[in-house]
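Colleague: What follows is each chain in one-letter form.
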Amino acid sequence: MSTAPLPSRAGMKKELPERFKAYKHVWVFVEYEHGQVHPVSLELLGEGRKLADQLGVELAGVLLGGDKAALQAAAVDVWEHGADLVYLCADPILEHYRNEPYTRVMTDLVNTYQPEIVLLGATVLGRDLAGSVATTLLTGLTADCTELAIDDERSLAATRPTFGGSLLCTIHTLNFRPQMATVRPRVMAMPPRQPGRGGRVVDHPAGLHEHDIITKVLRFVQDRDSNKAQLAYADIVVAGGLGLRSPENLQHVRALAAVLGGVWGGSRPLVQKGWMEADRQIGQTGKTIRPKLYIAAGISGAIQHRVGVEGADTIVAINTDRNAPIFDFAHLGVVADAIEMLPALTEAFRKRLSVNRLAG
Amino acid sequence: MHIVVCIKQVPDSAQIRVHPVTNTIMRQGVPTIINPYDLFALEEALRWRDRLGGEVTVLTMGPPMAEDSLRKALGIGADRGVLLTDRFFAGSDTLATSFALAQAVRKIGETWGTPQLVFTGKQTIDGDTAQVGPGIARRLGLNQLTYVAAIQDLDEKAGTITVSRRAEGGVQELRTQLPALITMLEASNEVRRGSIADVLRAARAELITWNAQAAGITDMGNCGLRGSPTVVKRVFAPKAKAVKAVQVDVKDKDHDTIAEDLILKLYATQPALEDELLRMAAGY
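Taken in order, these protein sequences are the chains called A and B. So the first sequence is numbered by my numbering: it starts at 1 and just counts up by one. So the second sequence is numbered by my numbering: it starts at 1001 and just counts up by one.
Fair warning: there could be bad hints in the mix.
As the list claims (entries may be wrong) - Calculated cross-link-like contacts (lysine to any residue; reagent style SDA-like; alpha-carbon spacing at most 25 Å):
1) Lys292(A) x Pro1238(B)
2) Lys1157(B) x Gly1170(B)
3) Lys1253(B) x Ala344(A)
4) Lys1244(B) x Ser300(A)
5) Lys1251(B) x Glu100(A)
6) Lys216(A) x Lys1253(B)
If you're looking for bench data, these hints aren't it; they were derived computationally from the structure. Computed from a predicted structure; not experimentally measured.
For reference, chain A alone in the conformation it holds in the complex (with noise of 0.2 Å):
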């Protein structure tokens, strides 16, 4: 039986052992894929320029990949996003991601060059990878930060929503090393390029066989459907909750998203029901939008869809509930049965853009 005392709260006290305390700069691990970075990638850029502005540390960015020549002309991106210098890492086996080549680079490096904070993208991959690293490091990993701060005593203060996303908490890891973090796509902005910012390399060997990695890549099949992937970089952004009362209603709003060449979505409810498929939900376990325009119809809002369509320029929200949250954080809102005002906004759309665009 366990008889010995409990452990006290003592790890609340920032006492970092001492082979921590050469860990210095802040890194982003940055995705690279199918010839692209990521665009989580360069907001995450972004987000560490400020971190290590304020720490007074240079900025690195992390590039893994197949073929070294895409890799030096990403890294010119990744200087332009904001980057001091870029550790990179090419050769053939790290061409297509695969967890266990990843984890073990990403590893190496941060056992050989030590840095203090380590942010990734929290896509599929980053997920993927940071719980792997950050076990292997046996250090704190903090998931879906929509804040990332340096407190006075110079530790990363990481916000996420906790308890299904109606409340938020600030995590830190005071005593371990690195500090990691991941960010979903579009929570932080995209910082301005900077054409010219040049910046360092340092080549860095994988040091690995392909025999010796288990896992292999049979194939990689493209999805068709682009919209969908698309849904958090729109300019216009249309969704439905559970005011639309049936899965058959989802046709107003995609009506409305298509009259305005926008995308359409929906909010955690109708994943749950059935009604349409995850890839399209919006909100803190889904996608995270920063369009121009977003159209709420029939959403109430709680905090978890709030923190996924904050950083909208305009939203305007369609509730017959004039007490629902959403009007709490909407710019313009309708009291008015979604089901009944999206085919009138529909139309009314219509007439105005068809009209303009003839006449232009």
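Starting from the structure of chain A, add chain B where the hints point.
Modeller: Relative to the frame of chain A, chain B by itself:
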């Protein structure tokens, strides 16, 4: 084949309320459920057991009342339920949780045969981290397959498994060797209803309850708060926005008029939007 499925009992998030004045979570009376993502993991495990023979052991870590979720899993068709419960686990973050669960999977293997597959859901609905599955894989040296949409092939003799998994912008087909850890994607299968026989068996079933020591954990420094590198310093309610939505007047108006008013207000709020919409609508 012996398969282990890790599940978690979670509060039904749809029913959590925040106290309007104190901003604290009102947990009382919130029903608990098996983390919905874990059900897809359980179903997949049961299918492969039905096809290949063998057993499915369901493992959960939590307070004693988490045995509810094990009974539910047995009612769906699992063969054995193991509850890992100890006050030393209180306050575990994902790293400490993966440590305890990995130890328990090891002990399960020693007791009932080494599992060739360990399943988890893709994430929980209360923590939403998706970190514990990869953590268990790492600690046990299992080949990691996350966000699996379908298991294409499982060759027990050759010890290989082929899966389709959700990747960025597409579906990746991977082949690896057993033993492996799989986190299942939602809607990857249709979760069965348990047979009446299973439900009756579940109600009477003897569950296995292990504390840390019984699970073979000797170093409590890896458990609970002490084994958690992350510290939650502050929990708070998000700030309310000072300005509420500007309401479009709807009194005694038909929907077409309201729509027109809304568009005018919208253009007034964000003047650049009209041009933007015209460009979008024209397909530029």
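Colleague: A separate judgement is required for each hint: does it hold in the structure or not?
Modeller: Hint check results:
no.: 1; hint: Lys292(A) x Pro1238(B); in the structure: 23 Å, holds
no.: 2; hint: Lys1157(B) x Gly1170(B); in the structure: 30 Å, violated
no.: 3; hint: Lys1253(B) x Ala344(A); in the structure: 12 Å, holds
no.: 4; hint: Lys1244(B) x Ser300(A); in the structure: 14 Å, holds
no.: 5; hint: Lys1251(B) x Glu100(A); in the structure: 62 Å, violated
no.: 6; hint: Lys216(A) x Lys1253(B); in the structure: 63 Å, violated
When the structure is compared with the earlier hints, violations turn up for hints 2, 5, 6 and for no others.
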